[in-house]
Amino acid sequence: MSVSAIIALLAATVVAGTPILLAASGELMAEKSGILNLGVEGMMLIGAVAGFAVTHNTGNLYLGLLAAMLGGGMLALLHAFVSITLRSNQVVSGLALTILGTGISGFIGKPYQGVPLENTFGEVFIPVLGDIPVLGPIFFQHDVLVYFSIIITVVFWYILFRTRWGLVIRSVGENPAAADAVGISVSRVRYMCTILGGVMAGLGGAYLSLVYAPTWQENMTAGMGWIAVALVIFAMWNPARALLGAYLFGGVEALTFRMQTAGIHISTFFLSMLPYLLTIMVLVLVTIRGRELAGGPAALSTAYDREER
Amino acid sequence: MLKVRLIKRQQESISVRGLIPIFSVILAFACGGILIESAGFSAGETYLNMLNNAFGSSYAISETIVKAIPLMLAGLAVSLAFKMKLWNIGAEGQLYMGAFAASWVALSAGDVPPAVMIAAMMLAAFVSGAVWGFIPGFLRAYWNVNETITTLMLNYVAIFWVQYLVYGPWKDPQSMGFPLTPRFPEAAYLPAIGGTRVHMGLIVAMVIAVLFYILLAKTRWGYEIKVIGESSRAARYAGIDATRKIIMVMLISGGIAGITGMIEVAGITHRLQEGISPGYGYTAIIVAWLARLNPFAIILVAFLFGALLVGGFGVQTMGIPFSTVMILEGAVLFFLLAGEIFIKYRLVIQRKGEKI
Numbered sequence: 001m002s003v004s005a006i007i008a009l010l011a012a013t014v015v016a017g018t019p020i021l022l023a024a025s026g027e028l029m030a031e032k033s034g035i036l037n038l039g040v041e042g043m044m045l046i047g048a049v050a051g052f053a054v055t056h057n058t059g060n061l062y063l064g065l066l067a068a069m070l071g072g073g074m075l076a077l078l079h080a081f082v083s084i085t086l087r088s089n090q091v092v093s094g095l096a097l098t099i100l101g102t103g104i105s106g107f108i109g110k111p112y113q114g115v116p117l118e119n120t121f122g123e124v125f126i127p128v129l130g131d132i133p134v135l136g137p138i139f140f141q142h143d144v145l146v147y148f149s150i151i152i153t154v155v156f157w158y159i160l161f162r163t164r165w166g167l168v169i170r171s172v173g174e175n176p177a178a179a180d181a182v183g184i185s186v187s188r189v190r191y192m193c194t195i196l197g198g199v200m201a202g203l204g205g206a207y208l209s210l211v212y213a214p215t216w217q218e219n220m221t222a223g224m225g226w227i228a229v230a231l232v233i234f235a236m237w238n239p240a241r242a243l244l245g246a247y248l249f250g251g252v253e254a255l256t257f258r259m260q261t262a263g264i265h266i267s268t269f270f271l272s273m274l275p276y277l278l279t280i281m282v283l284v285l286v287t288i289r290g291r292e293l294a295g296g297p298a299a300l301s302t303a304y305d306r307e308e309r
Numbered sequence: 001m002l003k004v005r006l007i008k009r010q011q012e013s014i015s016v017r018g019l020i021p022i023f024s025v026i027l028a029f030a031c032g033g034i035l036i037e038s039a040g041f042s043a044g045e046t047y048l049n050m051l052n053n054a055f056g057s058s059y060a061i062s063e064t065i066v067k068a069i070p071l072m073l074a075g076l077a078v079s080l081a082f083k084m085k086l087w088n089i090g091a092e093g094q095l096y097m098g099a100f101a102a103s104w105v106a107l108s109a110g111d112v113p114p115a116v117m118i119a120a121m122m123l124a125a126f127v128s129g130a131v132w133g134f135i136p137g138f139l140r141a142y143w144n145v146n147e148t149i150t151t152l153m154l155n156y157v158a159i160f161w162v163q164y165l166v167y168g169p170w171k172d173p174q175s176m177g178f179p180l181t182p183r184f185p186e187a188a189y190l191p192a193i194g195g196t197r198v199h200m201g202l203i204v205a206m207v208i209a210v211l212f213y214i215l216l217a218k219t220r221w222g223y224e225i226k227v228i229g230e231s232s233r234a235a236r237y238a239g240i241d242a243t244r245k246i247i248m249v250m251l252i253s254g255g256i257a258g259i260t261g262m263i264e265v266a267g268i269t270h271r272l273q274e275g276i277s278p279g280y281g282y283t284a285i286i287v288a289w290l291a292r293l294n295p296f297a298i299i300l301v302a303f304l305f306g307a308l309l310v311g312g313f314g315v316q317t318m319g320i321p322f323s324t325v326m327i328l329e330g331a332v333l334f335f336l337l338a339g340e341i342f343i344k345y346r347l348v349i350q351r352k353g354e355k356i
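Protein chains in written order, with the numbering used here: chain D, 1 to 309; chain L, 1 to 356.
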């Protein structure tokens, strides 16, 4: 492979990793507060179809993004209501919403199937940094959403580990009873984090339909939501590691695509397995060595019921 | 000002428990109907059409059963694990591994009598699915690794493994590039009933349902499973060894899901191909949940979901997208979950100043 091909591959890696990063960073916040959201796939699809439909009809990309965030957020609100207020089984709720979201998006998206998008976010060439050989094309010649995904991840990291809000979120995820005793509204924190997760997932989906493809196809996320869920664990619930992991997983995606178009089918499937296998390995390591050490919230996926102690 | 509060009941309400599945279905179809109407179609016409597609003729009913069989088996598979609060989300992957193993037997066994072939395929599928269930089971039993995630991840590993086989070493040279294996020998065809596609898998499903019922209701082993599911602490005090139970349950659960894969390739497709399951492993979870993990109810609910799949497939000619089926499935499960709160809590509207 020539140097320019490698550079192109790495640049594609960043692009491929962006929707994963967007969805995963939001899911990370939700899980940090103790809510397991398995509905990411459905929320991404809702975001993708909502973003596409609105942008197609209004011609405004930003309105599309807003619609996507709204769609993902609303689905997440359902998950939050069932998981937090009704204290139901979070795993089953997430699955229900993935199926629901997939169905709704397919239903709404029917008239838009395969329709190309007229204009999309152009590449924003960052002056000076974009001129650096090798690194320039890989990192600094992308659309605004790529930059946004990196910035928001850093912001989330900062919030979680350097601010009081982050402490509140983490305490709610670690020990909701203790947080409740100190006067923190466990329910409100979890609602906000879960909805944030849905908003980010919607944004990730919109990236696919507005920039990556850009079009609408039924089921176009093709499991990317599950990769995002895996990434949160692989990153051991740390946004900084999620950033690196997203590009690792994105790299797998970009590489398999290139290999398949070159006609090499066989080994691409083993490559595709890698993110999932790696995630299992990380989860095992993290669990054996004590999740607390790795930052996994102890109260993840357990509903908080004040009366039961 | 009115305040809505959820007050815990002294005793769980049995009547509510029985009514919730029914109400969930009604609410889900109502919401689906609203969505259909908003798209310009007639909800009534759509639903009637679905009913006709699913039950309107003996052929229709046979197709409904065909779609219901994998849901029955996979539903039974996950219900066993769920009974113990083991969240086996991996039925889809276990199904694929079962299909893979059965296909391996069918394609490499050579000339064997049908009975031997079918038995061997079924055994291979069970073992293969059981292994796929064993891995997350072991991790959970000995190292407390979250089985929700591990089973989920292994789904994709299994799917990619099958894709590797059908795009690569097992691809039919005469398939013109399509990712499928050659047709299985006749001996590997699961016998069918009458002239329909309804195959022996139906009998297998019913036998397993009866076995599960006996196992759970009449044996000590089954009783201990239920205790572990209700309260792990109580189980520990009673001296029940959860570790071995977890492994056993995941082995059986995975094994039965594996058999689901086998009956699909042996009874319907007669070859291994990409996408042998349209998400049966996930739909099975809804089926099991709706049936409240009762083996006989699972058979019934699976039948109804089979009807939903067949009905939904048929209305596409009306212009209604198949995704409507997913909306209905998701909505049913969602309302089911939401409704469950009313088993333990009752809704009270408190007027200002009123004491509860």
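Check the hints yourself; a few may be wrong.
[Unchecked claim] Covered stretches of chain D, as calculated for chain L (at least 3 residues, CB under 8 Å): (1) 44-53; (2) 94-103; (3) 223-230; (4) 267-280.
It should be emphasised that the hints constitute simulated quantities derived from the structure, not laboratory data. These numbers were taken from a predicted model, which means no experiment stands behind them. Where a beta carbon is used, it is the ideal one built from N, C-alpha and C, also for glycine.
Hint by hint, here is what the structure shows:
no.	hint	in the structure
1	44-53	violated (count 0)
2	94-103	holds (count 9)
3	223-230	holds (count 4)
4	267-280	holds (count 8)
In this structure, only the earlier hint numbered 1 is contradicted, and the remaining ones agree with it.
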